[in-house]
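Build the full structure now, drawing on both the sequences and the hints.
One letter stands for each residue in the lines below.
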Amino acid sequence: MSTTGRYGRFGGQYLPETLMPAVGELERAFDDARRDEAFTQEFDRLLREWVGRPTPLTDASRLAREVGLRRVTLKREDLAHTGAHKINNALGQALLAKRMGKHRIVAETGAGQHGVAAAAACALLGLECIVYMGTEDVRRQHPNVFRMKLLGAEVREVDAGSRTLKDAINEAIRDWVTNVRTTYYLLGSVVGPHPYPAMVRDFQSVIGREARAQHVERVGKLPDVVVACVGGGSNAMGIFSGFIADRDVKLRGVEAGGLGIESGKHAASIVGGREGVLHGARSLVLQTDDGQIRETHSVSAGLDYPGVGPEHAYLHETGRVRYVSRTDVEALEGFQLLSRTEGIIPALEPAHAIADLPHIRDDHGADTDVLVCLSGRGDKDLDTVMERLA
Amino acid sequence: MATLTVDGKVRLERAFAKARAERRLAVVVYLTVGYPDRDATAPLLRAALDGGTDIVELGVPFSDPLADGSTVQRASETALRNGVTLDDCIREGADLVRERDAAVQLMGYTNPFYRRGYERLASDLRAAGIAGVIVPDMPAEESAELDRSFAPSGLVRVDLYAPTTPDERLARLLPSARGFVYCVSLTGVTGARDRLGPDVGDLVARVRRHTTLPVAVGFGIATPTHVAALRGVADGVAVGSAVLDVIGRAAVPDRATALRDFVRSLVEAGRS
Ligand SMILES: Cc1ncc(COP(=O)(O)O)c(C=O)c1O
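Those protein sequences? They're chains A and B, same order as listed. Going by our numbering, the letters in the first sequence line up with residues 1 to 390, in that order. Going by our numbering, the letters in the second sequence line up with residues 1 to 272, in that order.
One thing to keep in mind: the hints can contain errors.
What follows is a list of derived Cβ distance ranges for each label pair [stated by the list, open to error]:
hint	chain 1	residue 1	chain 2	residue 2	range
1	A	320	B	144	21 to 31 Å
2	B	154	A	143	55 to 65 Å
3	A	152	B	22	36 to 46 Å
4	B	120	A	364	40 to 50 Å
5	B	100	A	146	52 to 62 Å
6	A	32	B	252	20 to 30 Å
7	B	21	A	317	50 to 60 Å
8	B	172	A	44	46 to 56 Å
A short, non-exhaustive set of chain A residues, derived as facing chain B with CB atoms under 7 Å [said to hold, decoys possible]:
hint	residue
9	16
10	20
11	61
12	170
13	173
14	245
15	272
16	276
17	277
18	293
It is worth saying that the hints were derived from the structure and are not from the lab. This structure is a prediction, so every number in the text was calculated from the model and none was measured. We treat Cβ as the ideally placed atom computed from N, Cα and C, and that holds for glycine.
This is the structure in C-alpha cells:
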C-alpha cells in the first residue's frame, strides 16, 4: 500500500484478505483516471451540465444579523442535483466504476442522500445499483427510499445491529466481499479503507475550490472561518480542502451532539470518541471499554455514525481543524432559523453547522466572515421535523 | 501437570502433527463465546474436544463482524447481549488449556484487540496458554504493530488467504507465516454452504508452493462430505457456522451431545 493511505497513524486498510487485491486495483485505477484528461473533462462536463455546478454562494445577511456576525455566506450544495453534495462523489466514482468495467454497483446510505445520488449516477451511466439501508433509516427517510426506487435502484433493508448507516456499511462490504470480481463499492463519505478517504475528498474538493474563488471574488478576501457538519466528513473535507493551506482561515467541524455528549447518546466521534478501527480504517470511534462499537444517536440520519474519516482524526490531532458538537435541539433551531431568515430549508445535517454560528461569534467576535457549507436541502427531513415540533 | 511449560504455538504444531500421524485432517472448531448463553460455552467446548476437535478457535464477539454471514452475526449479537467480554474469552481459553492441554486460538476483529492494547493482549494470551489470534480484518499490511508485540512471547497471528489473493502476494507474505495457513475456501463471508467453493483446490496448491506449514481450509465447510472432499488437499478443516447451526438447532439438553457427534462425524470423514 502506498504511504498516502495514512494520515499520521490514522487510515490504513483493515479489510478481509479477499478485498485486498480489489482496493489495490481501485487505487491504481483512481490514480490512472485522475491523470487522464479525458476522464477529468468528462467529470467536469457532467458536474456542469448534469449536477448544475458551480453551485452559488449566497450572502445570508438576515441570518448574519440574527446571529451577530459581520458576514455569513452559504455554499449552496443544497442546489446541486439530487439536493446534496453527495452527488459530486457519487458521479465521480460511478464514472470510475464504468471505466474499470464494473457494471454492478453497491452503496450504503444513511439519510438516503448518498443512496439517491448513487442511484441517479448509475441511472445516468447505465449501471446496476443496489443500495443498503438500515431499517431505522428507511423509516425516518422514506421519501428518499422511493426516490432511489424511481431511479432504478434496488433498496435492500438491513435489519441488524443499530439498523442505521454503520450496519448498512457492514452489509455493503459483505456484498462486496462476495461479489468482488464484478462489483464496485461506491462508498459515500471520506471513511473506509484507503483509497476511499483520499478519493472521496478528491471528488468533493470541487466544493472548496469553487467556494474559495467565489468568496474572494464576492468579498474581496478569504473568509475568517469555514464551518461544515461532520458525519463521515465528506462535505467538510470537500470545503476544507480549498482552505487548508490558508493558515489564517479557521476551520471548524460540527459533529452531532444528539442529546448531549454527557448523555452518551450522540454521534460525535471526534469530540466523544477514542482511537479504534472501524470499517477498514483506524480513526476516532465511539466504542465501549471492551472495543465494541457503540450505538449512536442523532436527529439527523446522515450524521448518525460512530466513526469519522481518518483525515479528520488527523486534522483534529494536529489542531488544524477545531471540532465541536451541537445537539439535536440546537440543530432543530438552526433548521428553523435558516428557513425563517433566508428562505432556505436546510437538511438537518448542515443545520448543525448553522446552529454553530452563535458559538463562532462567541469564539471569534462579531467582526468575522463565516463561510458555511450548506451540504443539503431539507425536504427529506420534513417528517422528522414536523414530528419534533408538534 | 507440565502443561503450563508448553506454549500455545507448540500445542498448535502438535495438533497438526497428531492428525497427520493418524492419517486424517485436523479439525478446527470455531465457537462464539457466550452463544447461546454464557454458561453454555464451557460444556460445549469440552464436548467439541470429546468429539475429537484438534484446535479450538474461540470466537470473540464483535458488534460489526463484516466478514461474517448471518449465523456468526447472530451468535455475536446474542453473545454481546449476554455481556460477553474479551476477558471472558481469554478465561474460557485458559480453562480449556489448563484442563485439557488444548490448542486454543482467539478469532476476532481488530478493534477489541486494539482497545486492549497489543502488549497487554500478548501477556494475557501467554499467561492463558492461548496460541494466538486470527483476525479477519487485519491483513498483513496492518499487522506490524500486533506482530511486534506477539513475537517476543512466541504467539502467532495466523494469516488468512483467499481465492482472490494473487500469487505475487502469496510469495511475498507466506515466508513470514507462522503456525499454520488458513485458506478461505470461497470468495465471500462465513456461513455454511451446500457445496465447496470451486477455487479451493487451486488456492491450496498455490499456497503450498510458498510454504511447508500445515494448511487449513475454512469458510463454508458444513458437512462430512465437504471434509472428505478435502482429503489429500488440505491438512485441516475449520468449521464455524455449521457448528453454531448444530448447537442452535438442538434442544437445550441435547446440545453438547449433538455437537460432540457432529464433530466426531467431521473427524471420521477426514480419515484417509
Ligand atoms: C446533506 C448532508 N450533509 C451531510 C451529510 C453527512 O455526510 P458527510 O459528513 O460525509 O458530509 C449527509 C449524509 O447523508 C447529508 O445528506
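Hint by hint, here is what the structure shows:
1. 320/A - 144/B: 21 to 31 Å: At roughly 27 Å between Cβ atoms, residue 144/B and residue 320/A fall inside 21 to 31 Å, so the hint holds.
2. 154/B - 143/A: 55 to 65 Å: The hinted range 55 to 65 Å holds for residue 154/B and residue 143/A, with Cβ atoms some 58 Å apart.
3. 152/A - 22/B: 36 to 46 Å: 57 Å, violated
4. 120/B - 364/A: 40 to 50 Å: 43 Å, holds
5. 100/B - 146/A: 52 to 62 Å: 57 Å, holds
6. 32/A - 252/B: 20 to 30 Å: Because 58 Å falls outside the window, the suggested range is violated.
7. 21/B - 317/A: 50 to 60 Å: 54 Å, holds
8. 172/B - 44/A: 46 to 56 Å: Check failed, 39 Å falls outside 46 to 56 Å.
9. 16: 4 Å, holds
10. 20: 5 Å, holds
11. 61: Because about 46 Å separates residue 61/A from the closest Cβ in chain B, which is outside the 7 Å limit, the hint is violated.
12. 170: 5 Å, holds
13. 173: At 5 Å from the nearest chain B Cβ, residue 173/A passes the 7 Å test, so the hint holds.
14. 245: Check failed: Cβ of residue 245/A comes no nearer than 30 Å to chain B, outside 7 Å.
15. 272: The hint is violated - residue 272/A has no Cβ within 7 Å of chain B, the shortest such distance being about 16 Å.
16. 276: 5 Å, holds
17. 277: 4 Å, holds
18. 293: 4 Å, holds
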